[in-house]
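S.K.: As a plain string of letters, each chain reads:
Number of protein chains: 2
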Amino acid sequence: MAKELTSRAENYSQWYNDLVVKADLAENSAVRGCMVIKPYGYSIWEKMRDELDRMFKETGHVNAYFPLFIPKSYLSREAEHVEGFAKECAVVTHSRLKMADDGSQLIADPASKLEEELIVRPTSETIIWSTYKNWIQSYRDLPILCNQWANVVRWEMRTRLFLRTAEFLWQEGHTAHATREEAEEEARRMLHVYGDFAENFMAMPVIRGVKSENERFAGALDTYTIEAMMQDGKALQAGTSHFLGQNFAKAFDVTFVNKENKPEYVWATSWGVSTRLMGALIMTHSDDNGLVLPPKLAPDQVVIVPIYKNEEQRAQLAEKAEQIMAELKALGIRVKFDNNDTKKPGWKFAEYELKGVPVRLAMGMRDLENGTIEIARRDTLTKETREMQGLGLYIKDLLDEIQANMLAKAKAARDSRIYEVDSYDEFKARIEDGGFFLCHWDGTSETEERIKEETKATIRCVPLEGDKTPGKCMVTGKPSAQRVIIAKAY
Amino acid sequence: MAKELTSRAENYSQWYNDLVVKADLAENSAVRGCMVIKPYGYSIWEKMRDELDRMFKETGHVNAYFPLFIPKSYLSREAEHVEGFAKECAVVTHSRLKMADDGSQLIADPASKLEEELIVRPTSETIIWSTYKNWIQSYRDLPILCNQWANVVRWEMRTRLFLRTAEFLWQEGHTAHATREEAEEEARRMLHVYGDFAENFMAMPVIRGVKSENERFAGALDTYTIEAMMQDGKALQAGTSHFLGQNFAKAFDVTFVNKENKPEYVWATSWGVSTRLMGALIMTHSDDNGLVLPPKLAPDQVVIVPIYKNEEQRAQLAEKAEQIMAELKALGIRVKFDNNDTKKPGWKFAEYELKGVPVRLAMGMRDLENGTIEIARRDTLTKETREMQGLGLYIKDLLDEIQANMLAKAKAARDSRIYEVDSYDEFKARIEDGGFFLCHWDGTSETEERIKEETKATIRCVPLEGDKTPGKCMVTGKPSAQRVIIAKAY
Numbered sequence: 012m013a014k015e016l017t018s019r020a021e022n023y024s025q026w027y028n029d030l031v032v033k034a035d036l037a038e039n040s041a042v043r044g045c046m047v048i049k050p051y052g053y054s055i056w057e058k059m060r061d062e063l064d065r066m067f068k069e070t071g072h073v074n075a076y077f078p079l080f081i082p083k084s085y086l087s088r089e090a091e092h093v094e095g096f097a098k099e100c101a102v103v104t105h106s107r108l109k110m111a112d113d114g115s116q117l118i119a120d121p122a123s124k125l126e127e128e129l130i131v132r133p134t135s136e137t138i139i140w141s142t143y144k145n146w147i148q149s150y151r152d153l154p155i156l157c158n159q160w161a162n163v164v165r166w167e168m169r170t171r172l173f174l175r176t177a178e179f180l181w182q183e184g185h186t187a188h189a190t191r192e193e194a195e196e197e198a199r200r201m202l203h204v205y206g207d208f209a210e211n212f213m214a215m216p217v218i219r220g221v222k223s224e225n226e227r228f229a230g231a232l233d234t235y236t237i238e239a240m241m242q243d244g245k246a247l248q249a250g251t252s253h254f255l256g257q258n259f260a261k262a263f264d265v266t267f268v269n270k271e272n273k274p275e276y277v278w279a280t281s282w283g284v285s286t287r288l289m290g291a292l293i294m295t296h297s298d299d300n301g302l303v304l305p306p307k308l309a310p311d312q313v314v315i316v317p318i319y320k321n322e323e324q325r326a327q328l329a330e331k332a333e334q335i336m337a338e339l340k341a342l343g344i345r346v347k348f349d350n351n352d353t354k355k356p357g358w359k360f361a362e363y364e365l366k367g368v369p370v371r372l373a374m375g376m377r378d379l380e381n382g383t384i385e386i387a388r389r390d391t392l393t394k395e396t397r398e399m400q401g402l403g404l405y406i407k408d409l410l411d412e413i414q415a416n417m418l419a420k421a422k423a424a425r426d427s428r429i430y431e432v433d434s435y436d437e438f439k440a441r442i443e444d445g446g447f448f449l450c451h452w453d454g455t456s457e458t459e460e461r462i463k464e465e466t467k468a469t470i471r472c473v474p475l476e477g478d479k480t481p482g483k484c485m486v487t488g489k490p491s492a493q494r495v496i497i498a499k500a501y
Numbered sequence: 012m013a014k015e016l017t018s019r020a021e022n023y024s025q026w027y028n029d030l031v032v033k034a035d036l037a038e039n040s041a042v043r044g045c046m047v048i049k050p051y052g053y054s055i056w057e058k059m060r061d062e063l064d065r066m067f068k069e070t071g072h073v074n075a076y077f078p079l080f081i082p083k084s085y086l087s088r089e090a091e092h093v094e095g096f097a098k099e100c101a102v103v104t105h106s107r108l109k110m111a112d113d114g115s116q117l118i119a120d121p122a123s124k125l126e127e128e129l130i131v132r133p134t135s136e137t138i139i140w141s142t143y144k145n146w147i148q149s150y151r152d153l154p155i156l157c158n159q160w161a162n163v164v165r166w167e168m169r170t171r172l173f174l175r176t177a178e179f180l181w182q183e184g185h186t187a188h189a190t191r192e193e194a195e196e197e198a199r200r201m202l203h204v205y206g207d208f209a210e211n212f213m214a215m216p217v218i219r220g221v222k223s224e225n226e227r228f229a230g231a232l233d234t235y236t237i238e239a240m241m242q243d244g245k246a247l248q249a250g251t252s253h254f255l256g257q258n259f260a261k262a263f264d265v266t267f268v269n270k271e272n273k274p275e276y277v278w279a280t281s282w283g284v285s286t287r288l289m290g291a292l293i294m295t296h297s298d299d300n301g302l303v304l305p306p307k308l309a310p311d312q313v314v315i316v317p318i319y320k321n322e323e324q325r326a327q328l329a330e331k332a333e334q335i336m337a338e339l340k341a342l343g344i345r346v347k348f349d350n351n352d353t354k355k356p357g358w359k360f361a362e363y364e365l366k367g368v369p370v371r372l373a374m375g376m377r378d379l380e381n382g383t384i385e386i387a388r389r390d391t392l393t394k395e396t397r398e399m400q401g402l403g404l405y406i407k408d409l410l411d412e413i414q415a416n417m418l419a420k421a422k423a424a425r426d427s428r429i430y431e432v433d434s435y436d437e438f439k440a441r442i443e444d445g446g447f448f449l450c451h452w453d454g455t456s457e458t459e460e461r462i463k464e465e466t467k468a469t470i471r472c473v474p475l476e477g478d479k480t481p482g483k484c485m486v487t488g489k490p491s492a493q494r495v496i497i498a499k500a501y
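Chains A and B, in that order, give the protein sequences.
If you read the first sequence in my numbering, its first letter stands for residue 12, the second for the next number, and so on.
If you read the second sequence in my numbering, its first letter stands for residue 12, the second for the next number, and so on.
Note that these hints are calculated values from the structure, not bench results.
Misleading hints may appear alongside valid ones.
[Said to hold, decoys possible] Computed from the model, here is a short list of chain A residues facing chain B with C-beta under 7 angstroms:
| no. | residue |
| --- | --- |
| 1 | Cys45 |
| 2 | Ala97 |
| 3 | Ala101 |
| 4 | Leu404 |
| 5 | Tyr405 |
[To be verified] Simulated crosslink set (DSBU-like; lysine-lysine; CA at most 30 angstroms straight-line):
| no. | chain 1 | residue 1 | chain 2 | residue 2 |
| --- | --- | --- | --- | --- |
| 6 | B | Lys320 | B | Lys307 |
| 7 | A | Lys245 | A | Lys58 |
| 8 | B | Lys124 | A | Lys98 |
| 9 | B | Lys483 | A | Lys58 |
| 10 | B | Lys58 | B | Lys270 |
| 11 | A | Lys467 | A | Lys58 |
| 12 | B | Lys270 | B | Lys245 |
| 13 | B | Lys463 | A | Lys109 |
| 14 | A | Lys58 | B | Lys68 |
| 15 | A | Lys307 | B | Lys340 |
| 16 | B | Lys33 | A | Lys144 |
| 17 | A | Lys124 | B | Lys124 |
| 18 | A | Lys68 | B | Lys355 |
| 19 | B | Lys124 | A | Lys33 |
[What the hints assert, rightly or not] Just the calculated beta-carbon pair ranges, DEER-fashion:
| no. | chain 1 | residue 1 | chain 2 | residue 2 | range |
| --- | --- | --- | --- | --- | --- |
| 20 | B | Ala492 | A | Asn28 | 38 to 44 angstroms |
| 21 | A | Arg169 | B | Gln25 | 35 to 41 angstroms |
| 22 | A | Asn416 | B | Gly401 | 46 to 52 angstroms |
| 23 | B | Val32 | A | Arg169 | 43 to 49 angstroms |
| 24 | B | Asp299 | A | Val268 | 53 to 59 angstroms |
| 25 | A | Lys33 | B | Asp113 | 48 to 54 angstroms |
All values derive from a computational prediction rather than experimental measurement.
Built from N, CA and C at the ideal position, the CB exists for glycine as well.
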């Protein structure tokens, strides 16, 4: 099975597509650009969702649900917002199908044409702020800290499973605040929640930064981002948090009476991560044998494969496996016992490598006699035989070690491809090979656009941490406040 | 606050609407027929969803996600199915907005007209079976036991919060089997999962039965249902499970090679419950003071309200409350301490009654001196003062008792309104007052339609349990296999 995977060296893009499909994560559907998330892929997404949901709740947020549809006129209220989304949206125009007069096919019934078209939400700022208008009168009603788990639709022209699909699943937080400072603090807080999630759960190092004006969310005053580096050296924007100022409050006339009894527009943030994180997870860690999952997000953290020659041996091994299962489960470890008799151990080994299960335990009759077991790590592809005694705690530590090792490995790989470059010629010569380029930039859109046109690379962010030394723009020689990250991106 | 609620006696329907809005469960949105589920309402739905999800997983099901959109031609493949859904669906016809030539407004860009219209899923049988075609070759690929949590859209003309909305949240299970028997068993299994959930978590007694042909799901051979009685004596269909035979397999040409190496069409089921359950929950238990929540689904099971005169007292009570919180939390009880200084205790009492919190603890300085606390039950509206000693276990038992009492009370109320009636005249005279009527019916659609036309009551189901004695149809006098449940319904 694993051998059917295109290797990364041969064709990185094809490797990714192969892996997503063969590891049963997702597949293309009959509907253009929409994917089917298969059970195994969905179970990983569920783990991500549950952890994020817990982190949101721990930071005081609550979940709610807002309509799928947005009246066309709402989208137009915020000028930049509509500019950003009108060109790729699903427009609902009718509410009924009927048989055509010639009986040949169903058609949208002209009599059911809607007075105002509805847009399938590409994001929910407009419908939510039209709702908040009724929820907010006084500073006592603030802050509102809502999140929603939902599907959204953006009619992308070129789609790729998880990375860019017409429909995707995501969460979108929408908060309302009494002061600018509080809203800005919230936007940064959620950036760090995303960053911490990426690093502590996905084992994916990210650079936390702020977007240039060109790359901001449509309607935001500031967009914070976490940027990860994929194995091919390209950047992937993994999550964004927006300080929206009073733009949406003004568009929907949402004011509150402040402590001084004066009316004021409400301050806003929004922030989201999506099933795109699945793509980031896959491309950060996986190898030519398949998926490599960090233990904290693996649906099965351990799989036990018995090796036997007959039913009697199978029964004896099953008994032992049940004991191990009980021991591991008592320690909170997610473990699966694959006692399927229609597949050979070798097939199972390849299958669980493809599926990225962090630890594989194999045992045969000799192990049973010796009180030993074979332990294989997915992240390093190493094996060892160890005594059965104390296995549970050993595995528990091993899972922690794998989690830490995956982050360290990804971080080392990334850091080895972050370059400080001061010459635009050198930049142009090297950008094709991938990597993050720390360069001085004069802060203008003109220069940013020139870089993009000439190299297809974009300013990923102005990092919040790190070297803040001023310098000279590598393109124009004009003054630069600090180095920014430039890279080609997904 | 509570006094603003219309009483049930005055206007049951208005009482329901008032309660949903005033208890912060949901509200109408700017989009016709679509609701906003507010944080408190959503937190109850989350509890339901989590319990159901656990029950589905315990019965071997996995979650997946299928596209929001269904190509128009797919809907047409199963004749009854399209008949059932074509008349009320959201039709997507364009993929872009653009500014009208006169600059006055955005319009659906004619150049973006889709080749084939897409329907926002009203249910997903068609898109899922078009996918299953690729997943199923052999009997070894079966069964497939998928569930999806999703939003769906049915363009209902008359909508009511939770009970009937254009968009609603639900889960839909879609399973594929090698034999008819296995599929029928699955459909019944899920009926019982729903029934057990309704009774054990919602404290809502239900009658489990099978629908008449007229009331079947569009495309099903058999529809199983759980029917609950609301306080006004009307029936509410709370969940359905369908045995679909080979209808969708035939429509999408999904065959498998059986153990005898012969091709055969796959057998199917589907089953779903939705946010409609929120309406059922509200209308089963709530009273003129507000919501009454069963402890197992209450976001807060216990609320502690301190009664003080000054900051010193407030601090002393807060200290004690923290101890109680710790004790209750250690027992797995969800407890909230409302130490808000801007609201009076009386306001808080009314508020938590409105919100349906099962147990309210109140304590003042005298309680602190005496080592006592006041305990108020939401279900019975009774109060007692009890010693603080052993409070945790007492509350734990009390929550169990409340859960059991709510089911018993709802069951007694329902059972007192189930009538055996053998005369159609008597039936017609009494049906206006509500209740479930156990009547003999000749099994024909003609008779069923006549009853519906003349009384607006429908055959809710043929109960699976209970009296199976044959008799004579109350309308036609023709033979009847057993009594069926007839009622007016939501």
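S.K.: State for each hint whether it applies.
M.R.: Here is what the structure says about each hint:
The beta carbon of Cys45(A) comes within 4 angstroms of a beta carbon in chain B, closer than 7 angstroms, and the hint placing it at the interface holds. Interface restraint check for Ala97(A): the shortest CB-CB distance to chain B comes to about 4 angstroms, inside 7 angstroms, so the restraint holds. For the restraint placing Ala101(A) at the interface with chain B, the shortest Cβ-Cβ distance is roughly 5 angstroms, inside the 7 angstroms limit, so the hint holds. At about 26 angstroms, the closest approach between the beta carbon of Leu404(A) and any beta carbon in chain B exceeds 7 angstroms, and the interface hint on this residue is violated.
Restraint check, Tyr405(A) versus chain B: the minimum CB separation of about 29 angstroms is more than 7 angstroms; hint violated. Proximity of Lys320(B) to Lys307(B) is assessed by CA-CA distance (about 34 angstroms); at most 30 angstroms being required, the pair is judged violated. Distance hint between Lys245(A) and Lys58(A) is fulfilled; the C-alpha atoms sit about 26 angstroms from each other, no more than 30 angstroms. Annotation: proposed proximity of Lys124(B) to Lys98(A) holds, straight-line Cα distance about 13 angstroms (limit 30 angstroms).
With a CA separation close to 56 angstroms, the supplied pair Lys483(B) and Lys58(A) exceeds the 30 angstroms bound. Restraint check: the Cα-Cα separation between Lys58(B) and Lys270(B) comes to about 42 angstroms, which exceeds 30 angstroms; the hinted pair is violated. Distance restraint check for Lys467(A) and Lys58(A): the Cα-Cα separation of roughly 35 angstroms exceeds the 30 angstroms cut-off, and the hinted pair is therefore not satisfied. Restraint check for Lys270(B) and Lys245(B): not satisfied, since their Cα atoms lie roughly 48 angstroms apart, outside the 30 angstroms limit.
Distance restraint check for Lys463(B) and Lys109(A): the Cα-Cα separation of roughly 26 angstroms lies within the 30 angstroms cut-off, and the hinted pair is therefore satisfied. A threshold of 30 angstroms between alpha carbons decides the hint, and for Lys58(A) with Lys68(B) the separation of about 15 angstroms falls inside it, so the pair holds. Among the hinted pairs, Lys307(A) with Lys340(B) is consistent with the structure: their alpha-carbon atoms are about 26 angstroms apart, no more than 30 angstroms. With a C-alpha separation of about 17 angstroms, the suggested pairing of Lys33(B) with Lys144(A) holds against the 30 angstroms cut-off.
The suggested pairing of Lys124(A) with Lys124(B) holds, with an alpha-carbon distance near 15 angstroms, which does not exceed 30 angstroms. Under the criterion of a C-alpha separation no larger than 30 angstroms, the hint pairing Lys68(A) with Lys355(B) is consistent with the structure, at around 27 angstroms. Our distance criterion of 30 angstroms between C-alpha atoms is broken by Lys124(B) and Lys33(A), whose separation comes to about 34 angstroms. A C-beta distance of roughly 57 angstroms is found between Ala492(B) and Asn28(A), which places it outside the suggested range of 38 to 44 angstroms.
For the pair Arg169(A) and Gln25(B), the beta carbons lie near 52 angstroms from each other, so the given range of 35 to 41 angstroms is not met. Distance hint check: the CB atoms of Asn416(A) and Gly401(B) are about 49 angstroms apart, consistent with the given range 46 to 52 angstroms. Checked against the hint of 43 to 49 angstroms, the pair Val32(B) and Arg169(A) passes, with Cβ atoms roughly 45 angstroms apart. Remark: the range hint 53 to 59 angstroms for Asp299(B) to Val268(A) is contradicted by a beta-carbon distance near 33 angstroms.
For Lys33(A) and Asp113(B), the Cβ-Cβ distance of about 53 angstroms falls inside the hinted range of 48 to 54 angstroms, so the restraint holds.
The structure is inconsistent with the numbered hints 4, 5, 6, 9, 10, 11, 12, 19, 20, 21 and 24, although it conforms to all the rest.
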